[in-house]
Amino acid sequence: MSKANLLDRRQVVSTLLANRKDVVAIGGLGASTNDMCAAGDHARNFYLWGGMGGAAMIGLGLALAQPKLPVLVITGDGEMLMGLGSLATIGLQKPANLSIAVLDNEAYGETGGQTSHTSAAADLVGVAKACGIKDSQSITTMAEVEAFAKAVHDVSAGPRFANMKIDSASLERILPTRDGTYILNRIRGDLGFQPI
Amino acid sequence: MHAHADAADTAPNWPDDIFATLQRFDVRQVPYVPDAGHSKLIQRVLDSSTMRGIPLTTEEEGVALLAGAWAGGQRGVLLMQSSGVGNCINMLSLIPILRFPFLTLVTMRGEWGEFNPWQVPMGSTTQGVFELSGVQVLRASHAAEVPAVLEAAASQAYNALTPTAVLLSQRLIGAKVFTK
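Sequence lines, in order, name chains C and P.
In terms of the working numbering, the first sequence opens at residue 15 and continues consecutively.
In terms of the working numbering, the second sequence opens at residue 254 and continues consecutively.
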C-alpha cells in the first residue's frame with residue numbers, strides 16, 4: 015500500500031548519492047540495490063544480490079580499511095533486521111566514517127510485500143542507539159534526508175544511523191550488474207588497488 | 254579450562270606461531286567470536302598495533318566484514334570455533350561470488366575426547382560444510398606442524414585467492430574439561 019505522507023525511495027536514494035564525491039556506497043540485497051543503480055551506476059557502488067544481512071558488515075570492513083573515506087550503507091528494513099547483531103559490532107568499533115541509511119517500508123517488497131517486524135514492533139533507531147550508535151535518528155522529510163546526505167561526508171563524527179520511512183509502492187526494477195567479482199574489483203580499482 | 258592430551262603440547266606457543274604468520278602476511282582485520290582455544294591469539298591481536306581485533310555477535314558477520322575489508326584494500330582472518338561454522342553457511346556464498354581472499358582459523362570441538370555431546374554434531378560436519386561451500390580445509394593436530402600449515406594456508410588464501418579453513422584440532426588444543 016502506498017501512503018501519501020511517506021518518502022519516495024528513489025528520491026531518497028538519489029538525494030543521498032547526488033553529491034557523493036568519494037563516497038563508497040553499499041546496497042543491501044533487494045530493492046535498495048536497485049535504487050542505487052536507478053540513481054546512476056558508479057564505480058564505487060557495491061551491489062548485493064545475496065548474503066542477506068551482510069550489508070552493514072561489508073560497510074564496517076570497508077570503513078575500517080579506509081578510515082578517511084565516507085562509507086554509506088543503503089539497505090532495507092528486512093535486510094537490516096537479519097543483521098541486527100552487526101549494529102552491536104559497529105557500536106563497539108565506532109567507525110567515524112560509516113553511515114547507515116535504512117529504507118524502511120515495513121515490508122518485504124521482493125517477496126510479495128509481507129509485513130516486516132518494523133511495522134508493528136521493532137524500532138530500528140532504538141536498536142541502533144541501544145547498540146551504542148549515538149547518532150541514530152528517524153527521518154520522515156526530504157530536508158532531513160538532505161542533511162543526512164551532507165553529514166555522510168564528515169568522516170570524523172560517525173558512526174551514524176538513520177531509519178527513513180518510505181512509501182511501500184512497488185517500482186520498476188532497475189537492475190545493476192550481477193557479476194560480484196566485477197563489482198568488487200571495480201571498487202578496488204577505483205580506490206587504486208591493483209588486481210592480485 | 255583446557256587439559257592437554259599430548260604431553261608435547263603442554264606449553265602451547267603455537268598461537269604465537271600463528272600470530273607471527275599473520276603478521277608476515279600483513280593481516281590487518283581480525284574478526285572473532287570469543288573462544289577459549291583462540292584466547293592467546295586473540296590477546297596477541299588485541300595487543301598488536303597493526304592488527305585490529307573485532308569481536309562479533311555471530312560468525313557470519315565476519316565473512317561479510319572480510320569482503321568489505323578487501324574492497325578497501327586490507328586482508329583479514331576470521332577466528333571461530335567449529336560450532337560457529339554452521340552460523341556462516343549462507344554468508345560463505347559471498348566468497349566465490351566476490352572472489353576475495355578468505356582465511357579462517359577454526360578451533361575444533363566435538364572430537365578427541367569431547368565430553369559434551371552437544372558439540373559433536375557440528376564438530377563432525379565442520380569439514381564437510383566447508384568443502385560443500387567451496388572452502389579448502391587444512392588441519393593441524395600437533396604444535397610442531399602449525400607453522401607449516403599456517404604458512405601454506407595463508408599463502409594459498411592471500412596469494413591464490415583460494416578460500417581456506419585451518420582446523421586446529423581438539424588434540425592440539427586439548428579437550429575441554431569442566432571441574433566442579
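Everything labelled a hint here was simulated from the structure, so no lab data went into it.
Heads up, some of the hints might be wrong.
[Unchecked claim] Computed, partial: chain P to chain C, Cβ under 8 Å:
no.	residue
1	L319
2	N340
3	M344
4	P370
5	L414
From the three backbone atoms N, C-alpha and C, an ideal C-beta is built for every residue, glycine too.
Comparing the hints with the structure gives:
no., hint, in the structure
1, L319, "holds (6 Å)"
2, N340, "violated (10 Å)"
3, M344, "holds (6 Å)"
4, P370, "violated (27 Å)"
5, L414, "holds (6 Å)"
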